Amino acid sequence: MNQPVFTIEDHSGGMNRFVQPFLLAPNEQIETINMVATEFGGLALRKAINPSVYHRINDDKIGAGRTVHSAELLTKYNGDQFIVSVLDNGVVNYAKVGNSISDPSLTLSGSFTDSCMFLDTMFLVSLYDTTRSFNGTDFSTSTNVTGAPKGKFVEQYKAKVYIANCNVSGTSYPNRIVYSDLPSEDTIAWDNGNNYVDVERDDGDKIMGMKKFGERLVIFKEYSMYRYDESSVYKVVGAPGTVSHRSIESIDQALIYLAHDGIRVYDGGKSHLKSRAIQPYIDAISDHGKYYSFSWVDGSTYNIFVGDLTNQDYDIDIKDAVISYDIYTHEFRTYSFRNDDVTYPFFDSISVSNVSTDLTTTSTSTTTSTTSTSTSTTSTTTTMSSSTSTSTTTTSSSTTTTSTSTTSTSTTTTSTSTTTTSTTTTTTSTTTSTTLPYVTYDSKKHFIAGYLGLYNLNNGYNERDSANESITYSGEILYPHVYPTNPETINTFDRANIYLSRAGNIKAKYRIDENEWIDINTQVTGKDNVVSLKFNTKRGRGIQFWIETMSGAEPPVIRRLAIFLKPEGQQ
Amino acid sequence: MNYLELGFNRDITKSLTSSEEDSINPELMDFLLGDGSIGGNKITAGSIVADRISLGTRGFIQSIDYTAVDEDTASWDAGHIYTEDGTDITTASGNTGNITATTYLYYDSTKGSTLQKSLTHADAVGDDKLLLAIITEGDTGGQVGIQIFSGEGTLITPGNIITGVLTATTQLGSGGSGHIKLDGPNKRIIVNDGSNDRILIGYQVGGF
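In order, the protein sequence lines correspond to chains E and Y. Under the numbering used here, read the first sequence as residues 1368 to 1938, first letter to last. Under the numbering used here, read the second sequence as residues 1492 to 1699, first letter to last.
Careful: at least some of the hints might be erroneous.
To be verified - Pairwise CB distance ranges, derived in the manner of DEER restraints:
1) Met1484/E x Arg1549/Y: 45 to 53 Å
2) Ser1566/Y x Ser1551/E: 47 to 55 Å
3) Pro1471/E x Leu1497/Y: 53 to 61 Å
4) Ser1510/Y x Asp1447/E: 55 to 63 Å
5) Asn1445/E x Ser1510/Y: 56 to 64 Å
6) Tyr1573/Y x Arg1568/E: 36 to 44 Å
7) Thr1535/Y x Gln1620/E: 52 to 60 Å
8) Leu1497/Y x Lys1933/E: 26 to 34 Å
9) Arg1549/Y x Gly1477/E: 51 to 59 Å
Said to hold, decoys possible - Negatives, chain E to chain Y, calculated, CB over 12 Å:
10) Phe1407
11) Cys1483
12) Thr1504
13) Thr1538
14) Tyr1658
15) Asn1706
16) Arg1878
17) Lys1894
18) Ser1899
19) Thr1904
Just so you know, the hints here were simulated from the structure itself, not pulled from any lab data. Since the model is a prediction, treat every value here as computed from it, not as a measurement. Cβ atoms here follow ideal geometry from the backbone N, Cα and C, with glycine treated the same way.
All chains, please: the whole structure from these sequences, using the hints.
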């Protein structure tokens, strides 16, 4: 007679910490960290952030160790894309995607807080600096922005530019939206004294963001939201606003955003709270995490970075956390960026949709000699496909940067690496051969801005270059406590099989009837894509599993969990 | 039995039953969740009563006595305005001063009991306003004309009388029978001294 088997084959339910365990759906989990559904029903370790210099804006040009506070994207009619970044010291730089960094010698008092595209131009706003327009070359304070107010948020709506939470001639209007005139021969003018609308002013709240949505402009305050149709402002009944304008995204036919009470979806009529299933995680977001949260959309998935999650009541402790929500499957997941070889904080994200297949990159090499031992490491040049590039020559106080002009007509890769140990007593410092790194892009298009630059998301482990391959992070699945027969029946649990997409290393723990966790093996290796787990403690009503999968070349998809048991009878 | 089988959705909220949905006024939901507008055909005929509409669109009647002081001044006594929802508005006495053009006299609920005047007609209408009278300049030595709305005693200046208008029996002046009677149908004019008819132009059977 075959032994009864209880199986979990569908993981598509996502996390649920709101419903008591007896009422959970069979495909839901208590918690997952760093796991994504690469195939329906299965879960696999997410790909990591790639900290390679190939994927971040050069910080050498403006000083190492700088944090990127904001990143905005200009897409022009001809398809050219430009990334504009502001560093923590207010320095602005920009790069045409596929080209080197440019320094416009512009330093701000703060940082651009928002941008929008109109008239083949990017409009950039800040509450502390003059509103500017950027055409890919110049940051103008006159072209289309003469007389424009300062402000925190900007959006293009029905052929006008709207600036919200304004400062007009030194006076702050946190609930005012000033809008431009309609374009005349592709030029817009501003009349701040007449072209404005106040959104329930002096109510103790303030505008926190705007987003165009169909035929309406949706206006978010912190505790309320509104829609505007060029003539009137209508309050959305019962809807809270947002805590961060960088949390507002448009997916399909809805706006999704973070409010104080959780992740919400606005469908044009009502705002729906979607994150009730992970309410303990929402409660775990700090105020700082809320106000500095930022999001990006990957397909049907909304991802929002919220900083550390800490909730002792629910044993939640996730560092540098992202909450992910699939708008179609209603699946919630969490990720942790803590072990991705990149350093918190992060402040912004951009998604680059254009691609430059011709790619030329050159990394820096530095030699430092001290009174003891010095080490010279790595010089790597990679040339891909057909391309031509020309770099500039710069000189600093202690370094010389040479000029390089490269023309290639074939696909070649050249890599050199040297290590030299010296006991010289000289104290000279030399930097050799460099061209500025490039902002590049491949099929993984999402970048986050933070400490030391822009980082390419979802481009980790098996696609990293050799110099950065040693990243170690893991994914975890905490299953709910399940009762394979029913809660009234005592079972003898024999073993479990975990079915994987390919052989791989995993860790696993289990506990029976919510007693102590028991390691099954420190680490087990799958054979024939199946990991078999033997139980030591065997008797009880229910059983709970925790499975961890580690980074490495192509971690497996976890597809199925089968528990072999023998019911003893009801007690 | 899990929460989905209990009728909750993935948001862990529960949809309304059909009877619960039926209990919600769809017109009200349209109003709340739409753009704040509601179609006229959704309003039951006669359901909008006077106290649901603005003052400026309510019917009213006034009991204010107006006086034409001279050719460029009108005055009025304290009085009342009664709106159709039953509101009794007390107004103060006042005068126009010397007007230089047609002047609109109106009540503005945001300005209190003192009646307001303006040379601009648009100033005299609005949600909080009731147009009470239009005052026009008279000829030199004459009197202003006062066109009163929803009240008694309209005073007309000669310039506002169009040829052919006085075709019926008309009495000019104060007193029980007036001092001058223009009797168009009988083709005569009679001047009275306050007690007796003294001058007859035309024919009257039996004379005076």
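Hints versus structure:
no.	hint	verdict
1	Met1484/E x Arg1549/Y: 45 to 53 Å	holds, 51 Å
2	Ser1566/Y x Ser1551/E: 47 to 55 Å	holds, 54 Å
3	Pro1471/E x Leu1497/Y: 53 to 61 Å	holds, 60 Å
4	Ser1510/Y x Asp1447/E: 55 to 63 Å	holds, 59 Å
5	Asn1445/E x Ser1510/Y: 56 to 64 Å	holds, 59 Å
6	Tyr1573/Y x Arg1568/E: 36 to 44 Å	holds, 37 Å
7	Thr1535/Y x Gln1620/E: 52 to 60 Å	violated, 34 Å
8	Leu1497/Y x Lys1933/E: 26 to 34 Å	holds, 31 Å
9	Arg1549/Y x Gly1477/E: 51 to 59 Å	holds, 54 Å
10	Phe1407	holds, 16 Å
11	Cys1483	holds, 24 Å
12	Thr1504	holds, 42 Å
13	Thr1538	holds, 27 Å
14	Tyr1658	holds, 25 Å
15	Asn1706	holds, 31 Å
16	Arg1878	holds, 22 Å
17	Lys1894	holds, 35 Å
18	Ser1899	holds, 29 Å
19	Thr1904	holds, 27 Å
Hint violations for this structure: number 7 only, all remaining hints satisfied.
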